[in-house]
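Protein chains in written order, with our numbering: chain A, 106 to 330; chain B, 106 to 330.
Honestly, the hints are just simulated from the structure, not real lab data. Since we're looking at a predicted model, the values are computed, not measured. Since no wrong hints were added, every one of them can be taken at face value.
Listed next, with one range per pair, are the computed distances between beta-carbon atoms: (1) A/ASP234 with B/LYS205: 54 to 60 angstroms; (2) B/SER231 with A/ASP137: 29 to 35 angstroms; (3) A/ILE107 with B/ASN139: 43 to 49 angstroms; (4) A/THR249 with B/SER215: 45 to 51 angstroms; (5) A/GLY307 with B/PHE138: 16 to 22 angstroms.
Glycine residues also receive a C-beta, built at the ideal position from the N, C-alpha and C atoms.
Protein chains: 2
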Amino acid sequence: MIIHDISITIEPDMTVYKDRLEKKPNLITTRDFNKSTVYETRLEMDLHTGTHIDMPLHILPNGSTSDYWDIRNCFTRCTVLDFTSLDADRITAADLKQKKRFLQQGENDSWQGKAVLLKTKNSFASGFDFNFVYLAESGAVYLTENQIKGVGIDALGIERDQSGHLTHRALLGSGIWIVEGLRLDQVAEGDYVLVLMPLKIGAVEALPARAVLLTADCMKLPYIL
Amino acid sequence: MIIHDISITIEPDMTVYKDRLEKKPNLITTRDFNKSTVYETRLEMDLHTGTHIDMPLHILPNGSTSDYWDIRNCFTRCTVLDFTSLDADRITAADLKQKKRFLQQGENDSWQGKAVLLKTKNSFASGFDFNFVYLAESGAVYLTENQIKGVGIDALGIERDQSGHLTHRALLGSGIWIVEGLRLDQVAEGDYVLVLMPLKIGAVEALPARAVLLTADCMKLPYIL
Numbered sequence: 106m107i108i109h110d111i112s113i114t115i116e117p118d119m120t121v122y123k124d125r126l127e128k129k130p131n132l133i134t135t136r137d138f139n140k141s142t143v144y145e146t147r148l149e150m151d152l153h154t155g156t157h158i159d160m161p162l163h164i165l166p167n168g169s170t171s172d173y174w175d176i177r178n179c180f181t182r183c184t185v186l187d188f189t190s191l192d193a194d195r196i197t198a199a200d201l202k203q204k205k206r207f208l209q210q211g212e213n214d215s216w217q218g219k220a221v222l223l224k225t226k227n228s229f230a231s232g233f234d235f236n237f238v239y240l241a242e243s244g245a246v247y248l249t250e251n252q253i254k255g256v257g258i259d260a261l262g263i264e265r266d267q268s269g270h271l272t273h274r275a276l277l278g279s280g281i282w283i284v285e286g287l288r289l290d291q292v293a294e295g296d297y298v299l300v301l302m303p304l305k306i307g308a309v310e311a312l313p314a315r316a317v318l319l320t321a322d323c324m325k326l327p328y329i330l
Numbered sequence: 106m107i108i109h110d111i112s113i114t115i116e117p118d119m120t121v122y123k124d125r126l127e128k129k130p131n132l133i134t135t136r137d138f139n140k141s142t143v144y145e146t147r148l149e150m151d152l153h154t155g156t157h158i159d160m161p162l163h164i165l166p167n168g169s170t171s172d173y174w175d176i177r178n179c180f181t182r183c184t185v186l187d188f189t190s191l192d193a194d195r196i197t198a199a200d201l202k203q204k205k206r207f208l209q210q211g212e213n214d215s216w217q218g219k220a221v222l223l224k225t226k227n228s229f230a231s232g233f234d235f236n237f238v239y240l241a242e243s244g245a246v247y248l249t250e251n252q253i254k255g256v257g258i259d260a261l262g263i264e265r266d267q268s269g270h271l272t273h274r275a276l277l278g279s280g281i282w283i284v285e286g287l288r289l290d291q292v293a294e295g296d297y298v299l300v301l302m303p304l305k306i307g308a309v310e311a312l313p314a315r316a317v318l319l320t321a322d323c324m325k326l327p328y329i330l
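Model the full assembly from the supplied sequences, consistent with the hints where possible.
So, in structure tokens, the structure goes:
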């Protein structure tokens with residue numbers, strides 16, 4: 106039984122988007138054993154720090170908030186696609202089509218209703234890479250055509266503030282959720298079950314989350330207990 | 106297929122422990138569509154607000170931190186015990202023994218390796234009840250003797266700052282994890298799978314978490330996909 110933890114650790118010196126200081130988390134000790142009988146901490150954190158899910162409101166002015174996140178999305182069949190050998194700095198429709206052709210020779214020939222997780226060289230970076238690999242608009246459109254349920258990437262953004270945020274718009278506008286800030290270095294290309302559990306925060310544009318992958322031999326829960 | 110969400114919603118006006126203002130979360134909008142092309146929020150929150158897991162360091166000066174939380178604890182068989190008709194304000198060893206006797210007539214006669222979730226009238230309270238039902242030290246000792254893996258309660262504390270925190274000590278000192286801030290009003294007594302996924306925060310004494318219960322007919326993951 107294997108559970109792959111694909112979440113980033115939240116800690117004060119963690120890597121944050123574009124190294125912006127205001128995105129760093131603070132952990133403030135509010136009680137300790139010098140003056141109290143308990144130890145307690147307060148967390149200050151940008152909702153887009155670490156592993157998190159973007160809600161439509163993040164990019165779309167009339168987009169829905171976390172109140173509309175469906176709890177059934179917490180358990181999703183998913184496919185990890187390995188783009189670590191990609192030379193370019195973005196994943197296009199053509200790149201995804203190549204993977205699709207490969208997969209169609211195997212048992213799992215459809216991405217419909219699944220999550221697709223994009224593994225790139227980002228998973229092996231230490232520190233923030235301003236040239237991180239992202240999902241091009243054409244790739245996002247191709248994924249919507251394939252009727253996927255959600256998409257994840259091992260970068261703190263699924264694009265790099267491209268003008269118009271067209272990758273976000275294509276996905277969020279089609280009801281496809283986006284999980285950013287995954288760490289996929291320990292995970293091989295293939296099929297898994299994604300268990301993606303966000304904090305239950307009301308009416309916000311993003312949710313910090315814990316994400317794990319269960320291997321195919323864990324498809325029956327009794328085996329993982 | 107049923108997924109019961111047993112987590113509390115984190116929002117500014119939520120109920121917090123003993124109505125302490127410093128435990129209320131703040132959600133601060135850092136970017137919006139008036140001045141930006143994205144919407145972003147920063148969260149400020151006590152780690153013991155809402156649904157969360159206590160680590161040993163919360164009570165034990167040399168106790169371990171979140172760094173030692175085992176990812177395998179995210180998936181646990183569990184039994185919900187219904188104490189909503191309890192007259193007293195605390196659950197004792199005698200109360201638990203009565204439930205044990207009842208359960209031993211059924212198929213699942215052991216709590217060993219399971220989580221035990223305590224459903225009380227707390228789940229039906231609106232606002233903070235200073236007389237909330239808690240787990241007495243004798244109850245905690247009895248659960249350790251039964252070698253449970255973890256215990257959860259539908260209160261923001263598993264005890265009410267009792268002198269010496271003996272309930273916490275009995276549990277955390279025996280390596281039993283504690284999840285506080287559950288909401289069990291929609292859940293009947295019986296057996297489930299508890300999926301308990303905390304945020305991955307490094308080196309802290311508590312972890313905010315999302316908790317859901319899967320019903321027995323979901324024991325095979327393909328059925329819940």
